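Line by line, the protein sequences are chains S and C. Take any residue in the first sequence, count from 1 to its spot, add 1172: that is its number in the numbering used here. Take any residue in the second sequence, count from 1 to its spot, add 135: that is its number in the numbering used here.
Hints listed in this document are in silico derivations from the structure and should not be mistaken for laboratory results. This one's a predicted model, so the numbers in the text were calculated from it and none came from an experiment.
The following residues of chain S were derived to be distant from chain C, with all beta-carbon distances above 10 Å:
{"#": "1", "residue": "1213"}
{"#": "2", "residue": "1252"}
{"#": "3", "residue": "1275"}
Not the full set, but computed from the structure, chain C residues with beta-carbon under 10 Å of chain S:
{"#": "4", "residue": "219"}
{"#": "5", "residue": "226"}
{"#": "6", "residue": "230"}
{"#": "7", "residue": "240"}
{"#": "8", "residue": "242"}
{"#": "9", "residue": "251"}
{"#": "10", "residue": "254"}
Just so you know, even glycine gets a beta-carbon here, dropped at the ideal spot from N, CA and C.
Read off the chains here:
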Amino acid sequence: MSSPNLKVLLVDDEPSQPLALSLESRGFDCIIATDMSSAVTALEKNDIAALVTDVMMPPGQRFGRIDSSEAGIHLITYVKKNWPRLPIVCLSVIGDQVKIKLLTDRGVRYLRKGETPLSTAVEVVAAVATGTRVQVGTNEDSNRRRR
Amino acid sequence: MSRRGDGPRSIRRSSDDCDRPNHPPLPLVSDGRIAGSTKKLYAARMSSQAEDVNNEAAELRLEVAALKAQLEESTKSTTKYLQNVAHQLTAPLNAIKWSIEALKDKTVPLERKSKLLSSIYSQGTILVHLIKNFSLMSNLEADHELGQFREKPERVDPLRLAINLANDFQPQAFEGAKHINVDEGTFQEVFGEQRLLVVKNLIAQALSNLLENAVKYSNLQTSIAVEAVEMRIPKLGDGTWTGISVQSVGLPILPEEFKKLTDRGFRGVAARQKIPAGTGIGLYLAERVMDMHQGQLYGRVDGSTTTFMLLFPEARIK
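Work out the full structure: start from the sequences and follow the hints.
Shown next, in the form of structure tokens:
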């Protein structure tokens, strides 16, 4: 699954070291942003292959008026408008099915923190970054199977 | 359809009200029929009563609407609070699970794995601290009502306590290139051989809350100073107050928000924007703990420098 030089942008106010280490050990370059503003700056300056974002995060200076509890949703909207072809993975604790559906309807892959194994998250991110079909059962898929 | 039937009932009820002293009975003519002028009087009185009832109903409707809005607001904030708590519990748990998975991952180079061990430790500290705060909430309420401690106060070495807690939070601080510096000299100078006569668990939690806030809200690559202090506070009387201070440089606190910092669940706007998840109970609990020790949680803001102190009266220094 080695994909040298592909850059993955990880956006989280508490960046996940295990995810970054696992992706890097598989040949990806991880760029970390801890707020919405620095995420947008990173997107403007780099050729990013995939965006992985949380929902709750500081908006940062450039988007200071945005409520931190939903900054990730605003980031996704902004990215969809300005980089429509960039694959997005949302990695968060939100369990609100309406919000999740709004995201998945827009082509965002949603992985729930605490329930998704690291190996699944790594495979999903690697797959969307390289443009391959996701083979693994994602969180939503496994939830559906359980129902 | 049946609404028409409601009318007469309410009129009848209103007419009953006519028997009250301020409504004298309506005059009748000798054969028992109601005179024309009396009918007018009756109609006028009914209309006035109907207006009263309508006004009362309108007031009640407003009251119901206000209560409904209040309930909705309360439900909304409870939901938001629970989301916050869930986020705070899930984030460190997930970090621990993923760190363990990454440790087992053979593709991750060994030299990079040591970072994960440190992360597991700091996430564990966050989790334990958070859970302790939640359990303290209920215990403290009960203790406060009882007016006494569940545990017996004991002699606690303030320097040892400060060092142990600083060590607990240091891995978390390192992630932001921050350093917690306990000034041993001030402790020796202020306390000497004396100790704090306190409930250790409670004071440890209060000091942890100050340290956690300092680590969370201070600027990257700054130092957090933990010192022993001795001071007089004229507005609190003549005695000397002795204790531990935690000073950090970071998020400025607005003067109007400063007074509310110890309100249960309160979080300042800047704090919420910087760290979205938070329970807003840290300083509330610290103040409650200090109250129970007849002490003070004392705060001072000077620009971006914030100092919080746990101050004890002379009787608690033994």
